[in-house]
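**Q** Now for the letters of each chain:
Number of protein chains: 2
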Amino acid sequence: MARTVVDLANERKKCDFDVEELTNYIDGDAISTHKRRQLENKVLSVKELFDVVPEEYLSHKEKYENAIRKSVLLYKVLEEIKDPNETEMQNARTFFRSLLPFAIFKDNSPFSLHYSMFVPAIIAQANDEQKKYWLKRAMNTEIIGTYAQTELGHGTFIRGLETTATYDVETEEFVLHSPTLTAYKWWPGSLAHTANYCVVMAQLNIKGKNYGIQPFMVQLRDENTHMPLSGIKLGEIGAKLGFNTVNNGFLGFDQHRIPRDRMLMKNAQVSKDGVFTRKTDSKLTYGTMVYVRVMIVNSMANHLARSVTIAVRYSAVRKQSQINTDQPEVQVMDFLTQQHKLFVAIASSHAIRITAAWLWDKYEKVTKDMEAGKSDGLPELHALACCLKAVSSADASDMVITCSRACGGHGYILSSNLPQIYGLIAAACIYEGENTVLLLQTARSLVKAWEQNARGEKLSSTVSYIADTRPFGKWENSVEGIIKGFERVAACKLSAAVSTRNKYLKSGLSPEESWNMTSVQLVAVSEAHCRALILSTYKAEVDRKAQHLSAPLKRAMYQLVELYATYWSLQKLGDLLLYTSMSESDVQQLRQNYESLLLKIRPNAVGLVDGFDFRDEILNSTLGAYDGRVYERLMEEALKSPLNAEPVNRSFHQYLKPFMQGKL
Amino acid sequence: MARTVVDLANERKKCDFDVEELTNYIDGDAISTHKRRQLENKVLSVKELFDVVPEEYLSHKEKYENAIRKSVLLYKVLEEIKDPNETEMQNARTFFRSLLPFAIFKDNSPFSLHYSMFVPAIIAQANDEQKKYWLKRAMNTEIIGTYAQTELGHGTFIRGLETTATYDVETEEFVLHSPTLTAYKWWPGSLAHTANYCVVMAQLNIKGKNYGIQPFMVQLRDENTHMPLSGIKLGEIGAKLGFNTVNNGFLGFDQHRIPRDRMLMKNAQVSKDGVFTRKTDSKLTYGTMVYVRVMIVNSMANHLARSVTIAVRYSAVRKQSQINTDQPEVQVMDFLTQQHKLFVAIASSHAIRITAAWLWDKYEKVTKDMEAGKSDGLPELHALACCLKAVSSADASDMVITCSRACGGHGYILSSNLPQIYGLIAAACIYEGENTVLLLQTARSLVKAWEQNARGEKLSSTVSYIADTRPFGKWENSVEGIIKGFERVAACKLSAAVSTRNKYLKSGLSPEESWNMTSVQLVAVSEAHCRALILSTYKAEVDRKAQHLSAPLKRAMYQLVELYATYWSLQKLGDLLLYTSMSESDVQQLRQNYESLLLKIRPNAVGLVDGFDFRDEILNSTLGAYDGRVYERLMEEALKSPLNAEPVNRSFHQYLKPFMQGKL
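Here the protein sequences line up with chains B and H, keeping their order. Per our numbering, the first sequence runs over residues 1 to 664. Per our numbering, the second sequence runs over residues 665 to 1328.
By construction, these hints were calculated from the structure, which means they are not laboratory data. A portion of the hints provided could be inaccurate.
[To be verified] The calculated SDA-like cross-link candidates involving lysine to any residue, where the alpha carbons are at most 25 angstroms apart (straight line), are:
1) H:K983 with B:S499
2) H:K1236 with B:S499
3) H:K1138 with H:T1126
Looking at chain B on its own, in the form it has when it is part of the complex (with noise of 0.2 angstroms):
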């Protein structure tokens, strides 16, 4: 057996909790995990799902078609094996929740905006006549759908968008248009050479008068010859750092017409003779983009589970340099600044997947209590969404990238799939609201709250610190002693942005230009709201679910909790020496502590990862299999580049020797 397959055996002796006991936890329980692993083991037994040759080896072009190829055959797998007691929509967003499209395509399918955007646009959107016809539609896949709402010239300010729907009384229909370059759609998955048919939104035009963007279902392409219909300009927008498979397009309107009725009616409606009325609040439509925010707080936890539970098999399989010069070389795993860098990956995965699960639960009651008409705790919720993703995005991919330099030159390669890894990360730092424009919506709403406090009015739960004027006592080197600390610090950031905001409205600046000049301060108040937010909700949950856990696990349970706060702690140290009573000797404590947790978790550190339970196929990295033939995989996954098909390549005979024989 290969020396650096006994090394991760060897490492798995080491682990002192029940491996399977954990990936129940972190599944929910003992079914869920049995319910995943049946769907994983269904999918992933279909060979034909997989590449020959790796798909970075392709071109841009024969990526596109491969993903089609693969998306046709899996929708067929995912038919066979649906769960007849779930709807249609339960499993194609169960499917496209697991981490099976990452085995698949490594970023996503050409279909994920069908069921991710168009259908649930088509659900919020349409009225009962319009759902009737077009969820079938959809659901049956007669047509494939997608969302366009970015243009090339806007995106995070939606009052910005230029595309225009004018109705037209005369002949009963919406005529858009692009009247600019920058007014053409740009980004949504799926529009480029997929989609058929995708719900656009425009800028409603009647009579003269604008009444904001509203969504229209516009037929894109022939359902026959899929040529693009004429007023339509489509194409892809070109290569990206990742999500190269999903087929991101744009769309240009020259003055193309549609019927009425392909207005989404449900929120507002034109009629016949172009009369304009809103039905519903508009509110309605942050759930979405609330709904959205969660998965993808949640995505960013399995991401970075994904990240390190590679690099931590990697860096107990590699042995460079040693510690006691005269003893063998030891496993890279060994090196505290190693582990420096990757435990704490390891306890921010479960402290972000924690706290989606949280916010989750929030969005559920929050949605239900808008059904009874209640929607007061909606602008909390948001407030909650918007740093999350931020920072979770932000933390997730600062990261995935220690865990790829961790992994030396290897982690560079992209069978490691770590690179691919952080392209997904990066995106997720911009897409469904830029981060800083997120964390500014946040310190809004925090802003807010800081008002009320002082008009003397009753605080939401999340924010309730902010009221909290007791002198801060003595420091107390403890995870509850930190999460008071953090909710200090964040109180009097808040307290200092909002004397820093007077300042500037005193010297006679507009209260925006007074909040821009603050918003560096802002965007600070708002990460430190979200840490304070995360840390407490992360502590909370493992306390709630403490007593199901075994003493083993329980005590690995609390070691990463102790160790994410410690971890930040010292990293935000100045804002804990400014407004907390932390002192020298407390920074060398938390110093210290620090070091022996590293020490501590060091043995269970395969068994943590071990228990994400992530299949090697959905890893799909040469580094972090479960069995460590880390060497074997590197060499195996280079010898598939077609490059190596030929000893020698056909530019040296055209280029190469008559360069280097003087004849060119």
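Starting from the known structure of chain B, fit chain H onto it as the hints suggest.
**A** For chain H alone, coordinates are given in the frame of chain B:
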């Protein structure tokens, strides 16, 4: 004229200094600017060097073949335009040190290792007779070579390399062998399919005794057929995050025999009868490592300058949201958060470039001293190069990511070139010494200096602050005050780390284990030292040149120095609060200074990046071109995607149509 073009032109009117003066200052002087532009004009006017279909759409194999085509052509162009007053090697280096390769390859040429490693290895390691023969063949490009040291299983820890060269006295040959899979050479650029010769580093064994790592000139491929020689296994290591055209390869030996005279014998010799002698100081090879690291530091400054040029120009053109709701949308650069993201990257590029130049001068001085037999400057130089390479690449990496995100979704598109620049910088964090390992090497020399100081010995100038035991005194919010603060932080962190190590020593750990247990702190010490060093060097060098600058440019340059110092003091608040007399009101003052510095720099932002004087071809970016035609370029580049050549992709007929029609 497009709106975006006007916006950028208006920005240029706001700039209050002479951009050409800034360019000359960056290049060194007006003559250097002129020479650089001449070289660029000549190379960039050769249209065949540029791709019709952008590289990102090609398959991995096509990318390589295209890179060989361009490399050969490029060589011819360089032959034609070379400076007759310079040597062949100087001309080659001038080119490879310029940013021109990034205009032509986006990453680099498969020939780059020939000039950057193979030829220098011959010069440094071959004896006169060998040099006469091999250098001529290499410089005439009769042969193409590379340099193979790193193996699949070993990188940083050179003593662990496994490839053996066993001397056979009978036949007067060395037998090269890869005893294991992990002994395969892995990573050298050009090695896979391009080079036919290679300098191979291997463990020399003679009559059962090991004589350490020695260099061997090995023919890899037949000069006529390019077939790998018998006993030699060659191939490429597979696709990576970046550098996909440099043709990184692997190399395995199966008892491959080479004549005795193929060992490069400048520094050590093996006689016919197998007697090993060592001639020169092995420290000399250190020099090459330092040289390469100085080059890397400089290239980090260049890549960062390219990134921020792209992001600043785009931010001047992109409009998004309003600041005042009754006014039109603003340029995103008017948001303080955007200025916060970008301006420090401009300052950092200057700081790093200037420190690299200062280090280069030190390197030249030490090299001269060494030629005169005086090598006592080498350890300090080595320690400086280690931490500067690590910190400059880490900072450049963080900042190119920030630049990329500051461009929103468009920064994720490859035509922006930001993802590719990230790929180049990410590699620099790992190659030529992984950053954590390098920081620990610097830490070792700092601890040594600490001990020297304790013994009352005099310290070299870059660490003399360690000896300063005066009370810190009052905190001063000035660049000088911040430098003093950073030096104190480095000294105090060093002191704390030494205490920690001593504590572990006393507890019974071995020196090596104690070092390991302190290593997280030691990495932080090394970073703190490096921050103090960059900051003080940056300030001192700007001071030194300031008298030659016009008043407006001098003001602009000092604003950047101040911004850089203030930014880092706010980033490192925890350390400054712990180890200096900085107070809460000092922090508030620093924040206010920082905000007002951003406002002062804002009108000059485009001028500052224009001053870097990058040709559009060298930026290679839809978002960063000089004229501001961002949206037009994004569309033009997208249309170059081969997927956009046909309105309907063939996968529709093959898969999509039968699928949607339920016939699959």
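**Q** Look at each hint and say if it fits the structure.
**A** Status of each hint after checking the structure:
1. H:K983 with B:S499: With a Cα-Cα distance of about 29 angstroms, the restraint between K983 (chain H) and S499 (chain B) is violated, given a limit of 25 angstroms.
2. H:K1236 with B:S499: Distance of about 23 angstroms is within 25 angstroms: holds.
3. H:K1138 with H:T1126: Satisfied, since the Cα-Cα distance of roughly 24 angstroms is no more than 25 angstroms.
When the structure is compared with the earlier hints, a violation turns up for hint 1 alone.
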